[in-house]
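Colleague: Given next are the chains, with one letter for each unit.
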Amino acid sequence: MKNFIIRRVLLGIFIVFFGALIIYSIIRSLPTSYVEQIARQRASSPLSTKTYQEWLDQLNEVYRLNIGIIPGYFGWLGNAIRGDFGESWNFGVPVTQKFSEVVWYSVIINIVTFIVQMVISIPLGILAARKQYSKTDYAITVFALAGISLPTFFLATILKYVFSIKLGWFDLYGLTGRFYSSMTPWQQIWDIAYHMVLPIITLMMLSIGGLMRYTRTNMLEVLHSDYIRTARAKGLSEKVVINKHAFRNTLIPLVSYMSYLIPSMFGGVLITETLYQIPGIGYISYQAMIRGDIPFAMFYTTFLIILTQVSLLIADIMYAMVDPRVRAN
Amino acid sequence: MSDMNNIFPGQEPEVEVIEEVDEELHLDDARRVKSLSPGMLVFKRFIRNKLAVIGLAILVFMFTFSFLGPLLSPHSQTQVFTGLGSMYKDYAGAIYNEELRYTVSQDESFTNADRAQFLLALGKGEETFNVGDDIYYFTTLSDGTHRIMQLDPIAEELLGNVNPINGSTLPDGFVEAYETAKDQNEDSFVLNGVIYRITQRLKAKVISTEHNVAFATLKVYDPYNQEDEETIDSFAFRLAAEEAITENESTFSFNDQDYTLSYDEGQTTIIDNSGEEYAAVSNIIVNPLDQNEFLSVDYKSTIREAIRNNEEETIFTENGETVEYTINRVNQNYYIRRETPTELIRQYEMPSAEHPLGLDNNGMDVMTRLMFGGRISLLVGFVVVIIEVAIGVIIGGISGYFGGAVDTALMRFVDLFNSIPFYPVVIIFGSVMDTLEVDPMARIFLLMGVLGILGWTGVARVVRGQILSLREQDFMVAAEATGIRTSRRIFRHLVPNVMPLLIVSATAGLGGIIITEATLGFLGLGVKYPLASWGSIINVSSDAYVMTNFWFMWIPAGLLILLTVLGFNFVGDGLRDAFDPRMNR
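Line by line, the protein sequences are chains A and B. The C-terminal position of the first sequence is numbered 329 in the working numbering, with every residue numbered one higher than the one before it. The C-terminal position of the second sequence is numbered 1585 in the working numbering, with every residue numbered one higher than the one before it.
Derived by calculation from the structure, the hints in this document are not laboratory data. Mixed in with the good hints, there may be bad ones.
What the hints assert, rightly or not - Between beta-carbon pairs, the in silico distance windows are: (1) S237(A) <-> P1356(B): 52 to 62 Å; (2) L1084(B) <-> T184(A): 52 to 62 Å; (3) S237(A) <-> R1048(B): 14 to 24 Å; (4) G1320(B) <-> R178(A): 51 to 61 Å.
The C-beta atom is built at its ideal place from N, Cα and C for all residues, glycine as well.
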């Protein structure tokens, strides 16, 4: 187990190193006119205190565009390991500072979504598996597939159309209401929670289908296995068979599935946050990236790569924890 | 994907008992059992699945709609529909003239420098002004009308002596007349019908005759006939007319012609002796906004009257056409607007028989754009899947078939590729393409490439897993034992067995790619105007105004995406079940 974890961590480091290198190469291979254009744009901005040449020099220096890709990458990596990801062009503050300001909104939204999603989809998935080929099963399957097939932006737009425009229950955009600044702290928390309702519903409806089908498939596999037949044969009640024997075994793949959700939890849900203009990490990095904020893009992508590797590692460890067979090997 | 390895076990054709055993048939009778080909079996199982058939029907509809629809559609995707509408447009402008207009007498000149001095003197309330050695004198006929004359000195009085200057001869009684005027402190005197003016120059008094130079007035003369313009603009005519107007006379004569004056609100009309209107005089300037437009004097008169009366609307009939004008005052300016028939883009037109889903914000037919958009969306889906499968099969196949170090290396490469975050990279590409203003068509191909390159890892894994398990199976051992070539082993025996799985994962993947493409289009990073894709059509709904008021612009596109992706998922699901009956979905 120990060896396995060490191997896994080494692999993770390898992937992070080369993944960041690929991203760095992509950014470096962008046409130079792009960087020049950014420099010109920045220089002509009324807020800018630097000239075009100064911006260009700064870009070239910060990104070591004047030296080769590999030495440039090592320079960036050297700073990044020390926690220095540079200053965001778009927000004018250190990248890490901006990140820590906004990441918690994404985390809150994702944790709530995650809980709601599990509470709804796991029981439904089990139900569908137990009554395979029944009307309930068909209904759940169609519903799940519809959830998977729905584009985020269309669902979000429909929700906004119905709940914000037709019914007027929620605001169209944003995290805070108009009178946010004149509210007491408790009201402020309530206001933010209120504004998070629609994004959470959107995310939930989109992810519920996948988890439901996943639960159903695994449950079916378990229900068709021999030990369930044995359990039934020895006269256990259906409740015990499902809850004690089948459900526990269904949890094994579910645990690994859940750890894949970690990247989106901290990486933010780019599309949904952008649609509702929730200033979480997803929306903020979207803004940064479409404006060519290279330091932020570099940071964000590297962060996502690390997050993915960590989640894979956690998935493996969790797998070993819930399944004694894995531990034995 | 843990279930992928055992999805397709079957190379052994399944046997289905079609007919009941007949007494006449023997066990080895070929008619006894009817064996179906594996493909037929899959097909039979597939069509037994209701959801899959529904999905297939949806897809058939979508393909017909997207690929045949554009051929039948009477419109093209970039056709902008326009229509005649009426719009209030500025037609003319009017202002009270505040700038003096000069009419210079023949053979005289009144330069800008002279005008500046004149304005200075006017401002100070003086009656004379000098420009160099020239002395000018002016009289104010009425408010805003000035007659400017130049003085020609003929005599000078210094210490009581009157002496002629410039070689002029003084008429009889000149000195006496001057003394009288001087005693009475007058600044002019008349002798023999000639006016002499007395002006001060240093310590001397200068006596001069005068001659007309120019005429400065705030009034504007509009001739009824263009050929009269020259006469009307002549100094002499102006002088005669102005004098008559100042005196409020009803007639005056000029060049042996008699003219009648009629005074209206804001305007004086000069009528010639044949009773025809000759010119209009007013201090309100009316100009057409469009230089090519010609405004008749009658029209100007109507507008002037309306302005004088502070009216906001007026009606004018010309060539039997009655048009309503509104007069809008902004500070000193009056803007005259009228309803003008204009070629308008028929934006946001509600659905009609001609346009079943209305017109969008660019005046384009939504239905037609949905058809063309479907074409692009489906095409992007297919091309991307083909790219993914091509790369995936090659990498996965090599990895699975050769195994060992090659496998490990390639799989680490797959892990690496898999770790690259999808949306950030695509967004960076999109914004770079925006910055470089890539051609919309080229953009689609680049987009296909990027999506394909970022998405092949899943296929590679599936193929590798499948081949790893297949090559250990007995039929591969048998194939090897018969001594056939490696390439034949791969293409004849391994690849066909991977196909079902590939088809399943490609079908399911298509839905995902269509969603991705639509999302990018929605964010404005995918297919760009004027080309359409379903995602970019919905893009307009990010404008809350469109979203609220024009459902037909975005809901149909969204439903099409939803249905198509649903169709692909149903079919993919059905195919998986059909290929692998043991899984029971």
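Colleague: Just to be sure I understand the hint, the distance between the Cβ atoms of G1320(B) and R178(A) should be within 51 to 61 Å; is that true here?
Modeller: Cβ of G1320(B) to Cβ of R178(A): about 57 Å, so the range 51 to 61 Å holds.
Colleague: How does the Cβ-Cβ distance of S237(A) and R1048(B) compare with 14 to 24 Å: does it lie in that range?
Modeller: Distance hint for S237(A), R1048(B) is violated at roughly 34 Å.
Colleague: For the hint 52 to 62 Å, verify it against the beta carbon of L1084(B) and that of T184(A).
Modeller: holds, 59 Å
Colleague: Take the C-beta atom of S237(A) and the C-beta atom of P1356(B), compute their distance, and say whether it sits inside 52 to 62 Å.
Modeller: holds, 59 Å
Checked against the numbered hints above, the structure breaks only hint 3 and satisfies the rest.
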